[in-house]
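Chains as they are written, first to last, in this note's numbering: chain A, 319 to 610; chain B, 72 to 434.
Please note that the accuracy of each hint is not assured.
Away from chain B, derived, C-beta distances all over 12 Å, residues of chain A [claimed, not checked]:
| hint | residue |
| --- | --- |
| 1 | Val392 |
| 2 | Pro449 |
| 3 | Gln529 |
If we take Cβ atoms under 10 Å as the criterion, some of the chain A residues that face chain B in the derived model are [claimed, not checked]:
| hint | residue |
| --- | --- |
| 4 | Pro354 |
| 5 | Asn431 |
| 6 | Gly451 |
| 7 | Phe452 |
| 8 | Thr482 |
| 9 | Leu486 |
| 10 | Arg547 |
| 11 | His595 |
| 12 | Tyr596 |
Calculated directly from the structure, the hints in this document are not laboratory data.
Bear in mind that the values here come from a model prediction, so they are computed numbers and not experimental data.
Note that beta-carbon positions come from the ideal geometry of N, C-alpha and C, so glycine has one too.
Residue-level listing of the chains:
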Amino acid sequence: MVVVTAGTHEDEVPPADASAESDRAAAADEHESPRPATYYHLARAVLYREFLVFVRYPANAVGGIVISLFFFGVLFYGGQLLAGQALADSLEGIIVGYFLWTLSVGAYSAVSNDIGSEVQWGTLERHIMTPFGFAPVALLKGVAKVVRTFLTSAVVLVVMLLLTGTRLSLDPLTVVTVAGLAITSVLGLGFAAGGVTVLYKRIGNWLNLLQFGFIVLISAPVLDAPWTRFLPLAHGSALLQRAMVDGVRLWEFSAGELGLLVAVAVGYLLGGYVVFHYATRRARRLGVLGDY
Amino acid sequence: MGDTAPAGRRPATDAGDAPRDDTDEAGDAEPTTTHEPPALVVDGVSKRFGSGEDAVQAVDDVSFTVERGEVVGLLGPNGAGKTTLIKSVLGMVLPDAGTIRVFGADVGDGRRAVYADVDAMLEGARNDYWRLTVRENLRYFATISGVAPDSVAARHDRLLDRLGLAGKADTPVRELSRGMKQKVSLASVLAGGAELVFLDEPTLGLDVESSRTLRSELRRLAAEEGLTIVISSHDMSVIEDVCDRVVVMADGRVVADDTVEALLGQADRGTVRVTSVDLDADTVASLRTRFDVRSVERNGESVSVELAVPGAELYRLMDALREADVTLDHVRTVEPDLEDVFVDLTDGERGLADAPSERGWSS
């Protein structure tokens, strides 16, 4: 990480930085000295950008919330007509599942669409060409998206509860941790899809259909088919149901259950990142990185 | 090289800072300057896309060096390999062969270290976020390039001021005009303090005034801040105006690498353009047999002929015209500009002598 700009004279060496710099600063009539950015600066910059876009363009967020609620309305009232009491019995489960689905879709499409957009704008390269390395930057951007998604999904959740008069256990620590880890695996899928989009620009849109596959994962029969716990979302969804419907607290889950939740999250995130890494490397070889 | 360096004077993330003044100060001590690795060394770089019959040799054994503080023009017709070469330097394309060094660091390994020092504005790329304001973009991309944004706030103000963007600093980029956007794109590239920047068509879409401001700003950045700039453009006036040196590529190869003056100097001097209504087909044909006729242009009644008549040839031409009873309306010497040189270099085979009247010879 060191670019050796060789020193000149002995006497110039140690103060070279300071003196030459102050000369320049003086010449420019100001007193500044560029300092290296830390990961703190990076995190702040990425989160602040997300915040700005969120605040400045609330229509996007509000639109997402309205659409989510509309679909839930259709599901709820339509379901009532069709299933009546049967639906009311499983309503809590449906609300939790729907909450997790909006979170998943938010996290997934945020990452994969974001990568697609940044490819178009020519800003992705600038994130790849960063001295921080792409991985931390991409991860922070992903986290920023997840934070944003949590906010909108929380609104959807509250409205759903009010609308249906349902009560759920909402221990913030438990819900945020379990749901957060559950959708971390989706974040990984988002990165993988983003990588494929970098290589094959048109496929990106098709990959958005994966979002409907999340419904299957969220409602996976983890009790009947335990192997499904290793799929993204499935195990996290089961834990979230128990947390929110049965009121199980985070520390009341067994270490094995929590361990598997973390393992699945980290596993898919790493897997997604590896796919992204190799996809961009292949894009470099093919020369398609930065084609607009 | 650099073995006598006491230490890396700065971490790679500390972009925007390396004072290069010492090169000037140590001007009398020749050997010391040779220790500083050049801003860019491209050595034997080749890149082929595709395979079999569809394979395209985009870059073919290209080598050149760009010294610190130099402003170099990278020219070539479309498909000459400029963009592939630039992307190779940026690590966005992996070359098949050759090495690229940026400030002494091999782009092939330890890529990340290099990125603090190099940035690029690629053609067609927005390069920034249209939803953010101008200043927010500068701060964001400075951070991404490894510079703490507060520490360069004053520099950003100066940059915006010089580019005439100060009044728009807090306006979202999407609300700006095209020319303004182009300038924001440039500003965001310069915001992180990269010391080697690639600018692809930097003046595209700018009006005359903005283009002029931009050029003078580029010259100033190179002269005062030691910024090393590689500009790729089809606008020869920009290149002629800003660049010290020009690297011309054609078919993936470097076909010329010289100063602007030297390139202009090697172009044919002593070209004159004579215009007359008396220049009929026979006369022109007879001129062709005796002189190096560059182009013939008919404009209504009058005909203009451009001929290369170095030295005493000019007198012979005048004699010949007198013999043919040609009354001259205009005689003008034609100064070759960079565009002529460029066309000459990149269009070698269809040389001028072989196809004299085919191509308009811009002047």
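Quick rundown of the hints versus the structure:
The beta carbon of Val392/A sits about 32 Å from the closest Cβ of chain B, which is more than 12 Å, so the claim that it is off the interface holds. Distance to chain B contradicts Pro449/A as a non-interface residue, since its nearest Cβ pair spans about 4 Å, not more than 12 Å. The Cβ of Gln529/A lies farther than 12 Å from every Cβ of chain B, with a closest approach of about 24 Å, so its non-interface assignment holds. A distance limit of 10 Å between C-beta atoms decides the matter here; for Pro354/A the minimum to chain B is near 4 Å, and the interface restraint holds.
Given the 10 Å rule on beta carbons, the hint for Asn431/A is violated: about 14 Å separates it from the nearest Cβ of chain B. Hint status for Gly451/A: holds, given a least beta-carbon distance of 5 Å to chain B, under 10 Å. Because the closest C-beta pair between Phe452/A and chain B is about 9 Å apart, less than 10 Å, the hint holds. This hint is violated: Thr482/A has a C-beta 36 Å from the nearest C-beta of chain B, more than the 10 Å allowed.
A cut of 10 Å between beta carbons decides the hint on Leu486/A: the least distance to chain B is about 35 Å, and the hint is violated. For Arg547/A, the shortest C-beta to C-beta distance to chain B is roughly 37 Å, which exceeds 10 Å, and the interface hint is violated. Hint on His595/A is violated. Least Cβ distance to chain B is approximately 13 Å, over the 10 Å limit. Violation of the interface hint for Tyr596/A is found here, the shortest Cβ-Cβ separation to chain B being roughly 13 Å, above the 10 Å cut-off.
Of the hints listed earlier, those the structure fails to meet are numbers 2, 5, 8, 9, 10, 11, 12, in rising order.
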